[in-house]
Amino acid sequence: AQSVTQLDSQVPVFEEAPVELRCNYSSSVSVYLFWYVQYPNQGLQLLLKYLSGSTLVKGINGFEAEFNKSQTSFHLRKPSVHISDTAEYFCAVKASGTYKYIFGTGTRLKVLA
Amino acid sequence: NAGVTQTPKFRVLKTGQSMTLLCAQDMNHEYMYWYRQDPGMGLRLIHYSVGEGTTAKGEVPDGYNVSRLKKQNFLLGLESAAPSQTSVYFCASTPDVGVNYGYTFGSGTRLTVV
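Protein chains in written order, with the numbering used here: chain A, 5 to 117; chain E, 9 to 122.
Be a bit skeptical, because a hint or two may be false.
[Stated by the list, open to error] In silico DSSO-like pairs for lysine-lysine, Cα to Cα no more than 30 Å straight-line:
#: 1; chain 1: E; residue 1: Lys-78; chain 2: A; residue 2: Lys-104
#: 2; chain 1: E; residue 1: Lys-22; chain 2: A; residue 2: Lys-62
#: 3; chain 1: E; residue 1: Lys-17; chain 2: A; residue 2: Lys-114
#: 4; chain 1: A; residue 1: Lys-114; chain 2: A; residue 2: Lys-62
#: 5; chain 1: E; residue 1: Lys-79; chain 2: A; residue 2: Lys-53
#: 6; chain 1: E; residue 1: Lys-65; chain 2: E; residue 2: Lys-78
#: 7; chain 1: E; residue 1: Lys-17; chain 2: E; residue 2: Lys-78
#: 8; chain 1: A; residue 1: Lys-104; chain 2: E; residue 2: Lys-65
#: 9; chain 1: E; residue 1: Lys-22; chain 2: A; residue 2: Lys-53
#: 10; chain 1: A; residue 1: Lys-62; chain 2: E; residue 2: Lys-65
#: 11; chain 1: A; residue 1: Lys-53; chain 2: E; residue 2: Lys-17
#: 12; chain 1: A; residue 1: Lys-53; chain 2: A; residue 2: Lys-73
[As the list claims (entries may be wrong)] What follows is a set of in silico ranges between Cβ atoms, one per label pair, in the way DEER data are often shown:
#: 13; chain 1: E; residue 1: Asn-73; chain 2: A; residue 2: Thr-102; range: 21 to 27 Å
#: 14; chain 1: A; residue 1: Ser-58; chain 2: E; residue 2: Asn-73; range: 41 to 47 Å
#: 15; chain 1: E; residue 1: Asn-73; chain 2: A; residue 2: Ala-21; range: 45 to 51 Å
#: 16; chain 1: A; residue 1: Ser-56; chain 2: E; residue 2: Gln-80; range: 45 to 51 Å
#: 17; chain 1: A; residue 1: Asp-12; chain 2: E; residue 2: Lys-65; range: 28 to 34 Å
#: 18; chain 1: A; residue 1: Thr-102; chain 2: E; residue 2: Thr-23; range: 34 to 40 Å
#: 19; chain 1: E; residue 1: Gly-24; chain 2: A; residue 2: Gly-57; range: 48 to 54 Å
#: 20; chain 1: A; residue 1: Leu-60; chain 2: E; residue 2: Ser-26; range: 48 to 54 Å
In case anyone wonders, no lab produced these hints; they're calculated from the structure. The C-beta atom is built at its ideal place from N, Cα and C for all residues, glycine as well.
Using the sequences and the accompanying hints, generate a full structural model.
If you want it as structure tokens, here you go:
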């Protein structure tokens, strides 16, 4: 079975500072990894995904994530955040050959002026 | 292109009442899913469907039923609502799990059971 752990439930950061949101996963088979963003009172939108190839993946809104197989991590980063990045971020994993995506519990990013 | 549409957006039910949540997608997606979102628990899969006429149980199926009579629609039913079913419900769809597109989500239904 697969699982996803997002250790930080909340991350406050000042505007224009860098941020890293952590995601670790466990799986006995190959996985595909995703980050989603949820703005207040909205559904989830896909930020980026890692399927194969380069371990550094770039997404929308200046976000990027790095897949680290040895550490089973897929941390999300942004070099300079804006107030508009305030949202909840979910990491998700899908194992090869399965129908289901498993989500982490989410990290609430709050960008302070 | 509407994507994934959920109706209703909000609903308040009394304990014991029944209701159906509708999810409609216009992207010809094969796979559809119902999740519930609760604070501190992320998204948990209730039921899913891998094609018209098929349904399967997810992590938390108790108290819910689903149907997928048409490819574009995935219905989630609560036969006898309980306060523990107070949650935000999200529908999602994807065209082909083999290609790993990721999900397209609806905007959610906020359900309160009193």
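Here is how each hint holds up against the structure:
Under the criterion of a C-alpha separation no larger than 30 Å, the hint pairing E/Lys-78 with A/Lys-104 is consistent with the structure, at around 21 Å. For the suggested pair E/Lys-22 and A/Lys-62, the alpha carbons sit about 46 Å apart, so the restraint of at most 30 Å is broken. Distance restraint check for E/Lys-17 and A/Lys-114: the Cα-Cα separation of roughly 26 Å lies within the 30 Å cut-off, and the hinted pair is therefore satisfied. A C-alpha spacing of about 21 Å is found between A/Lys-114 and A/Lys-62, which places the hinted pair at or below 30 Å, so the restraint holds.
Simply put, E/Lys-79 and A/Lys-53 have alpha-carbon atoms about 26 Å apart, close enough for the 30 Å limit, and the pair holds. With a C-alpha separation of about 18 Å, the suggested pair E/Lys-65 and E/Lys-78 falls inside the 30 Å cut-off, and the hint holds. As the CA atoms of E/Lys-17 and E/Lys-78 are separated by approximately 21 Å, the hinted pair is consistent with the 30 Å bound. The straight-line distance between the Cα atoms of A/Lys-104 and E/Lys-65 is roughly 11 Å, inside the 30 Å bound, and the hint therefore holds.
With a CA separation close to 41 Å, the supplied pair E/Lys-22 and A/Lys-53 exceeds the 30 Å bound. Among the hinted pairs, A/Lys-62 with E/Lys-65 is inconsistent with the structure: their alpha-carbon atoms are about 34 Å apart, more than 30 Å. A threshold of 30 Å between alpha carbons decides the hint, and for A/Lys-53 with E/Lys-17 the separation of about 28 Å falls inside it, so the pair holds. Between A/Lys-53 and A/Lys-73 the CA atoms are separated by roughly 15 Å; this keeps the pair inside 30 Å, and the hint holds.
Checked against the given bound of 21 to 27 Å, the beta carbons of E/Asn-73 and A/Thr-102, roughly 23 Å apart, stay inside it. Remark: the range hint 41 to 47 Å for A/Ser-58 to E/Asn-73 is upheld by a beta-carbon distance near 44 Å. Between E/Asn-73 and A/Ala-21 the C-beta distance comes to about 48 Å, which sits within the given range of 45 to 51 Å. Taken as a hint, the range 45 to 51 Å is violated for the pair A/Ser-56 and E/Gln-80, whose Cβ atoms sit roughly 31 Å apart.
In this structure the supplied range 28 to 34 Å holds for A/Asp-12 paired with E/Lys-65, their Cβ-Cβ distance being about 31 Å. Hint check: A/Thr-102 to E/Thr-23, Cβ distance near 36 Å, so the stated range 34 to 40 Å holds. Here the CB-CB span from E/Gly-24 to A/Gly-57 is close to 53 Å, well matched to the stated 48 to 54 Å. Checked against the hint of 48 to 54 Å, the C-beta distance between A/Leu-60 and E/Ser-26 comes to roughly 49 Å, which is consistent with it.
Figure legend: structure checked against the earlier numbered hints; hints not met, in rising order: 2, 9, 10, 16.
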